[in-house]
Amino acid sequence: MEVNLRDPKSLMKLSKLGSFHQSKLSFLRSFLNEFKHWEYRRDLFNLDQKGFGRAVYSFSKNNRTYSLICFANEIKDEERSDRVIATKWDAAFTLHDGVPSENDIERLSKEVPKQEVGRLSYKELTLSRANKSVRLFNHVVECLSNGEQPDINILSKVGYLYRTTAVYGSGKFGLADRFRIKNRDEILGPFRLEMMLVYLVRQFTFDQVNHIAKNKNPSLAVQLDPNICRNLGIGNSTGLGMAPFIVNHPALLNNWIFAREMALKKIREVEKVSKEDFDIFKNCLIKSLKNVTSWHTDSEFQNKKIQKLLIDLEKFINFINKGTIDNKPYLFNEIYTWIEDNLSDECIEYIVSMMMEPYDNIVNPLLKNMSADEDKYFNIPIDRTVEELRNILEKNYSEILKIDFSKNENNQNFWFISKNKEEPRLADRYNDTGAELEQPLAIARDIKKLYEILFVSKNSLTVGKFLMEHNDLRHVVRRAFVTEKFPYAEIQDNTIGSNLMPIDMLRLKLSFFGAIKFDPRSDKWLRICMFQGAPLPNELKSFDSHWVYNSLN
Amino acid sequence: MRSFSEIETAVKRATRGIGFSWGISEEVGKNIRLLEMFGLPGFKNINQYFKIIKTQEFEKISTVSSINNSKSLYCPITMGVNFFDQSIHLKDANNIEITNLGFPLLFIPFVSRASEVIGKRIFLKIDNKEFLFNFNQAVYSNYLSGDIVEKGEKISLKFMDNNNLFSEEEWSELYKISENTFVEETDELKKSAAGAGLTDND
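Respectively, the protein sequence lines represent chains A and B.
The opening position of the first sequence corresponds to residue 11 in the working numbering, with each subsequent residue numbered one higher.
The opening position of the second sequence corresponds to residue 67 in the working numbering, with each subsequent residue numbered one higher.
So here's chain A without its partners, still in its complex pose (with noise of 0.2 Å):
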């Protein structure tokens, strides 16, 4: 039985995409695989009584080492923000490539807590900073200072000691341009170092947070216990910044999808599921239910998503009970055709990530798939001609043709990069100012106008005439082409609506990332956490490939 593939045109609406979840093509997961028999060192521990100072973290492998430098600074609470405009933060970090000398490290402790004002050289690859959840943090430091272990139910509300607010790399403050090392084998899948540098924030976290409770209380201070660490991630704070990154890399969306896709076709092809194989979908399940009950958050839209999704996870959970699939063929086939008929999106996409949880042999050939070099497909084919534009068009965006723009609801957002942090933002075109240095984000509307001439443009007219006097669509001429060759590299949806819902665009890049329990805070910007229940850096050489679902939260 051949499946095909999932239509692009409904999957990628907005909507659609900001329902999908983590899953076993989650960066970090596939990080955690890929570095898990890389050799792990804390090299340097260097922190004051008070946690402030300096420490490194390595992966090593052959002649290849990875370093984390991180500079914990004292700041004072007021000047602790979670902004981008923010200055000062707890602790700052670089993944440095190679093993540091001590001049890198000196030149890097006076540019790596200056964040985006600072400058970074070839030789790092990444750079972050992040803030303490005070509260949690101090509870946590009060608890191992007097001997216990902090309380379970208030770190699981939280979930993190420390969150991030950015993550930056390819090329950005002078850090090394992708192609430095793109060939490298280890980083084939995208974020890797993003994430690794994450990761080893995390155990940061766990060692300053010990250090500190150790000095303040030398003779009764215990250790964080090691199971609550690893129910602890990291969090972040992610803002529209992200959102433009998934319009400005077609070919690397179509990637990730395409993955996610293709694993879903082969799943669902498969005549014989043995009962291991199903027992390990159920049982991740099960278990994964602990990560929506404990999934806080004060937004109204997604405590609704999250309602619906526990009464569907219920109804799709009685259905699987009455065990009238169970010795069907094509069993996860019968399983996708029913949640399609009987469920909401946001737990669809949650069990079609569940499904792929027995499959490593479906699912880790399409890793390496999930990286694109954008680079190769920029020029615009000047041969093609009006009438092949135009016939792509019609094929890949029919749903967005059917947009009327005269209609001002449809025109009324505009993206625009602001002028004193260099970030995208969202504003209303009618009641804002700056609407004429609008960023090239309005997809849609620009591809609607490109149909337009293209309709009363001569047939044989080639692509590369046609530009001489439209050379205001070239961008939308040029992802045309792309969408040629990739299915899934455009959001089928207006990105300039009055119904736009940003955190939509955020959340499907967080849920390839693996990010679990988004908590919107407004329609712009959302909190997350990152590695939960992920195994120590000590335990990397064995454990649970399932580990996400075994939060103790």
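Hints may contain errors.
Computed list of lysine-lysine pairs in DSSO-like fashion (alpha-carbon distance at most 30 Å, straight line) [stated by the list, open to error]: (1) B:Lys110 with A:Lys386; (2) A:Lys120 with B:Lys110; (3) A:Lys495 with B:Lys96; (4) B:Lys110 with A:Lys431; (5) A:Lys386 with B:Lys96; (6) A:Lys192 with B:Lys110; (7) A:Lys378 with B:Lys224; (8) A:Lys192 with B:Lys126; (9) B:Lys224 with A:Lys386; (10) B:Lys120 with A:Lys386; (11) B:Lys126 with A:Lys459; (12) B:Lys96 with A:Lys519; (13) B:Lys110 with A:Lys124; (14) B:Lys120 with A:Lys431; (15) B:Lys117 with A:Lys431; (16) B:Lys120 with A:Lys429; (17) A:Lys386 with B:Lys186; (18) A:Lys468 with B:Lys126; (19) A:Lys133 with B:Lys110; (20) A:Lys182 with B:Lys224; (21) A:Lys468 with B:Lys186; (22) A:Lys429 with B:Lys110; (23) A:Lys46 with A:Lys417; (24) A:Lys429 with A:Lys19; (25) A:Lys182 with B:Lys96; (26) B:Lys186 with A:Lys495; (27) B:Lys96 with A:Lys431; (28) A:Lys459 with B:Lys191; (29) A:Lys429 with B:Lys117; (30) B:Lys117 with A:Lys182; (31) B:Lys157 with A:Lys386; (32) B:Lys157 with A:Lys468; (33) A:Lys133 with B:Lys96; (34) B:Lys191 with A:Lys386; (35) B:Lys96 with A:Lys192; (36) A:Lys124 with B:Lys96; (37) B:Lys96 with A:Lys429; (38) B:Lys117 with A:Lys495.
Because the hints were derived from the structure by calculation, they are not lab data.
Since chain A is already given, all that's left is putting chain B on it; use the hints.
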């Protein structure tokens, strides 16, 4: 040191900031990155061009032909974009001449990328500066200074035929040496090779 990624982003935004469309700005961002990677002073030149463009009018060509003359300086970006877009037709002309091109180094990456797209080497001469573009993989040049070049008076382009750079005799000589790695088959082995034992009409 600024990374190539920073250079590309800054140039893309600046090109838009000076008034070009986003699509062209994307091209120019990539181009300056390419020039800098080739070791040519792209950033310096575009920075100077954008200073001058505010006060000086540049000729914006749309159709590039085999001979292009202008009394005022041609805009290198418009010339470059149109040359690139029309290169599949222009390659049949073999030679292209341009008189008075502003900031000609900014034209170079368009030519380099066209060389890749049309699958031909292109020889470019900007006054006394010579460049050979090899399918956008490499540039050979006698221009090594990192200076700003504000004007090219006489520019000529030649689309090179896809010929080898060696003679058949030289090929035979080297091929003969390569045969030293071959082994003579025995009659027995010849009989068991692919297709052996069958008629080709079965």
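Hints, one by one, checked against the model:
no., hint, result
1, B:Lys110 with A:Lys386, "holds (26 Å)"
2, A:Lys120 with B:Lys110, "holds (29 Å)"
3, A:Lys495 with B:Lys96, "holds (21 Å)"
4, B:Lys110 with A:Lys431, "holds (25 Å)"
5, A:Lys386 with B:Lys96, "holds (12 Å)"
6, A:Lys192 with B:Lys110, "holds (28 Å)"
7, A:Lys378 with B:Lys224, "violated (42 Å)"
8, A:Lys192 with B:Lys126, "violated (39 Å)"
9, B:Lys224 with A:Lys386, "holds (26 Å)"
10, B:Lys120 with A:Lys386, "violated (34 Å)"
11, B:Lys126 with A:Lys459, "holds (24 Å)"
12, B:Lys96 with A:Lys519, "holds (25 Å)"
13, B:Lys110 with A:Lys124, "holds (28 Å)"
14, B:Lys120 with A:Lys431, "holds (27 Å)"
15, B:Lys117 with A:Lys431, "holds (25 Å)"
16, B:Lys120 with A:Lys429, "holds (22 Å)"
17, A:Lys386 with B:Lys186, "holds (18 Å)"
18, A:Lys468 with B:Lys126, "holds (24 Å)"
19, A:Lys133 with B:Lys110, "holds (25 Å)"
20, A:Lys182 with B:Lys224, "violated (39 Å)"
21, A:Lys468 with B:Lys186, "holds (29 Å)"
22, A:Lys429 with B:Lys110, "holds (24 Å)"
23, A:Lys46 with A:Lys417, "violated (54 Å)"
24, A:Lys429 with A:Lys19, "violated (35 Å)"
25, A:Lys182 with B:Lys96, "holds (16 Å)"
26, B:Lys186 with A:Lys495, "holds (25 Å)"
27, B:Lys96 with A:Lys431, "holds (24 Å)"
28, A:Lys459 with B:Lys191, "violated (40 Å)"
29, A:Lys429 with B:Lys117, "holds (21 Å)"
30, B:Lys117 with A:Lys182, "holds (26 Å)"
31, B:Lys157 with A:Lys386, "holds (23 Å)"
32, B:Lys157 with A:Lys468, "holds (23 Å)"
33, A:Lys133 with B:Lys96, "holds (23 Å)"
34, B:Lys191 with A:Lys386, "holds (28 Å)"
35, B:Lys96 with A:Lys192, "holds (18 Å)"
36, A:Lys124 with B:Lys96, "holds (29 Å)"
37, B:Lys96 with A:Lys429, "holds (23 Å)"
38, B:Lys117 with A:Lys495, "violated (40 Å)"
Consistency note: the structure conflicts with the earlier hints numbered 7, 8, 10, 20, 23, 24, 28 and 38.
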